[in-house]
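Undergrad: Sequence:
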Amino acid sequence: MTIIDLSTTLHSDVPIKNLSTRDGSLDKSFAEIDWQAPWLAHLHQLDYISNAIAQLSEKNAEGFDNAEGFHKAEGSNEAKPKSRPDVIAKVLNEALNQQSDHLQNQLPTTKPTQSNQAHTLNFVSQHALPEGEAYESFIATTGNIPTRDNLHDLFNGSIWLTFPKTKALLNYYHMAEIAHQGIGASRGRVRDTITVFDENGAVLVTSEPFIGEALINFDWQASLIEPRAQWDNPQQLNRQSQTAVYVFGHALLEQLIRPRKPLCAHSIVIHVSQDFFSLSLSARMVYLDGKIAHYMDKLLSKNDVTPRQLAPLPILGVPHFWAENADMSFYDDPYVFRHGRRKSKK
Numbered sequence: 001m002t003i004i005d006l007s008t009t010l011h012s013d014v015p016i017k018n019l020s021t022r023d024g025s026l027d028k029s030f031a032e033i034d035w036q037a038p039w040l041a042h043l044h045q046l047d048y049i050s051n052a053i054a055q056l057s058e059k060n061a062e063g064f065d066n067a068e069g070f071h072k073a074e075g076s077n078e079a080k081p082k083s084r085p086d087v088i089a090k091v092l093n094e095a096l097n098q099q100s101d102h103l104q105n106q107l108p109t110t111k112p113t114q115s116n117q118a119h120t121l122n123f124v125s126q127h128a129l130p131e132g133e134a135y136e137s138f139i140a141t142t143g144n145i146p147t148r149d150n151l152h153d154l155f156n157g158s159i160w161l162t163f164p165k166t167k168a169l170l171n172y173y174h175m176a177e178i179a180h181q182g183i184g185a186s187r188g189r190v191r192d193t194i195t196v197f198d199e200n201g202a203v204l205v206t207s208e209p210f211i212g213e214a215l216i217n218f219d220w221q222a223s224l225i226e227p228r229a230q231w232d233n234p235q236q237l238n239r240q241s242q243t244a245v246y247v248f249g250h251a252l253l254e255q256l257i258r259p260r261k262p263l264c265a266h267s268i269v270i271h272v273s274q275d276f277f278s279l280s281l282s283a284r285m286v287y288l289d290g291k292i293a294h295y296m297d298k299l300l301s302k303n304d305v306t307p308r309q310l311a312p313l314p315i316l317g318v319p320h321f322w323a324e325n326a327d328m329s330f331y332d333d334p335y336v337f338r339h340g341r342r343k344s345k346k
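For the sequence shown, the UniProt record's numbering begins at 1 and goes up steadily by one.
Check the hints yourself; a few may be wrong.
Below are the SDA-like pairs computed for lysine to any residue, each with C-alpha atoms no more than 25 Å apart in a straight line [stated by the list, open to error]:
(1) Lys111 x Thr142
(2) Lys90 x Ala37
(3) Lys28 x Ile159
(4) Lys90 x Ile159
(5) Lys165 x Pro234
(6) Lys291 x Val196
(7) Lys261 x Phe330
(8) Lys90 x Asp101
(9) Lys298 x Ala179
(10) Lys302 x Pro112
(11) Lys302 x Glu199
Okay, the calculated beta carbon distance ranges per label pair [unchecked claim]:
(12) Asp27 x Tyr331: 35 to 45 Å
(13) Ser273 x Asp297: 14 to 24 Å
(14) Ala179 x Glu226: 42 to 52 Å
(15) Gln36 x Glu226: 27 to 37 Å
(16) Arg148 x Arg239: 34 to 44 Å
(17) Glu213 x Gly188: 27 to 37 Å
(18) Asp304 x Asn233: 35 to 45 Å
(19) His127 x Gln309: 34 to 44 Å
(20) Ser301 x Thr109: 13 to 23 Å
(21) Glu324 x Gln236: 13 to 23 Å
It should be emphasised that the hints constitute simulated quantities derived from the structure, not laboratory data.
Note that the coordinates shown come from a computational prediction; the quantities given were computed from them, not determined experimentally.
Where a beta carbon is used, it is the ideal one built from N, C-alpha and C, also for glycine.
Please work from the sequences and hints to get the whole structure.
TA: If you want it as structure tokens, here you go:
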């Protein structure tokens, strides 16, 4: 199978728009993001987003001197930056538009239902969500993604940029379940599975099926240790690589700002041809988005779907993700690398 490289420059060649001081500022938590972390390398528009967040974080740290950008504390001559809402939505919309312009593609849309057409995606203020309306239904019926000025929603928006087909599919299933069951104390198996993957998911992509099988079977030796030379380094791509992991869960990305060894993703395994690893990182994501959406469509349509069908993966055990895992004793920790449930062979 031949994979066509649809995108080669989404990371570095898209021009970065300088933000005006009128665009606001962000709190200090955003300055903690290490944009060079390997688990962020696959995100579309990474250069633009990281540059924009850095600019806006600096404004919070240093202040900015113009009539609309400053206010003075009562009884003080010290000027402080005003709080401006909906900064993250603005950054994400600009990234979305730049990406669409660069690829000369239309903006991504929601997945239509029998009673609802597709809507162009757009990031909006959290205040745009009507009181009492479900978040997922609002996205499905308007294309508007309510976005707060926090790390969680920044990473959520970044995943929408990178995997729009998959995110739209997950939202489609959320809405279908809400329409069928309403909103109650329990989400049900389908929505539980969506939520776990959406918040904490990762995707293992491999051209060697035995590596994926080993991961599912909690065989860390055969999945993470023995084939280490076959794992791709997201910061030094190698067309000879045969396996890679890409984080999908936005809550997991938020937690990885302060990495901890016990952090565990809930993963799916996607099989690809070796051609996949000849693509640029951003082109891989364009291709992979369709593959993940197809996989999740099949998974979520099963009557017996549960979050247990997502394979646990200690994320800092991924080769090239964490310097300490170059020492094989890293994997000797039974609290993190557990034996788990083994699948019986049929």
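Undergrad: Next step is simple, just say for each hint if it's right about the structure.
TA: Tested hints:
Between Lys111 and Thr142 the CA atoms are separated by roughly 11 Å; this keeps the pair inside 25 Å, and the hint holds. A threshold of 25 Å between alpha carbons decides the hint, and for Lys90 with Ala37 the separation of about 24 Å falls inside it, so the pair holds. A threshold of 25 Å between alpha carbons decides the hint, and for Lys28 with Ile159 the separation of about 22 Å falls inside it, so the pair holds. A threshold of 25 Å between alpha carbons decides the hint, and for Lys90 with Ile159 the separation of about 16 Å falls inside it, so the pair holds.
Between Lys165 and Pro234, the direct Cα distance comes to roughly 22 Å. Compliance with the 25 Å bound is thereby established for this hinted pair. Taking the CA atoms of Lys291 and Val196, the gap is near 19 Å; set against the 25 Å cutoff, the hint holds. For the hint linking Lys261 to Phe330, the alpha-carbon distance of about 9 Å falls within 25 Å, and the restraint holds. For the proposed pair Lys90 and Asp101, the alpha carbon gap of about 16 Å is at most 25 Å, so the pair holds.
Only pairs whose Cα atoms come within 25 Å are accepted, and Lys298 paired with Ala179 is accepted, the gap being roughly 20 Å. For the hint pairing Lys302 with Pro112, the CA-to-CA distance comes to about 20 Å; that is within 25 Å, so the pair holds. Using a Cα cut-off of 25 Å, the hinted pair Lys302 and Glu199 holds, with the two alpha carbons roughly 21 Å apart. Range check, Asp27 to Tyr331: Cβ separation about 37 Å, and the 35 to 45 Å hint holds.
A beta carbon spacing of about 21 Å between Ser273 and Asp297 agrees with the range 14 to 24 Å that was offered as a hint. Taken as a hint, the range 42 to 52 Å holds for the pair Ala179 and Glu226, whose Cβ atoms sit roughly 47 Å apart. Between Gln36 and Glu226 the beta carbons are some 28 Å apart, a value that agrees with the proposed interval 27 to 37 Å. For the pair Arg148 and Arg239, the supplied restraint of 34 to 44 Å holds, since their beta-carbon distance comes to about 40 Å.
Restraint check, Glu213 to Gly188: a C-beta distance of roughly 29 Å satisfies the suggested window 27 to 37 Å. The hint said 35 to 45 Å for the Cβ distance between Asp304 and Asn233, and at roughly 37 Å that hint holds. The hint said 34 to 44 Å for the Cβ distance between His127 and Gln309, and at roughly 37 Å that hint holds. Evaluation of the 13 to 23 Å hint for Ser301 and Thr109 yields a pass: the beta carbon distance comes to about 21 Å.
A hinted range of 13 to 23 Å for the beta carbons of Glu324 and Gln236 is consistent with their spacing of about 19 Å.
Checked against the numbered hints above, the structure breaks none of them.
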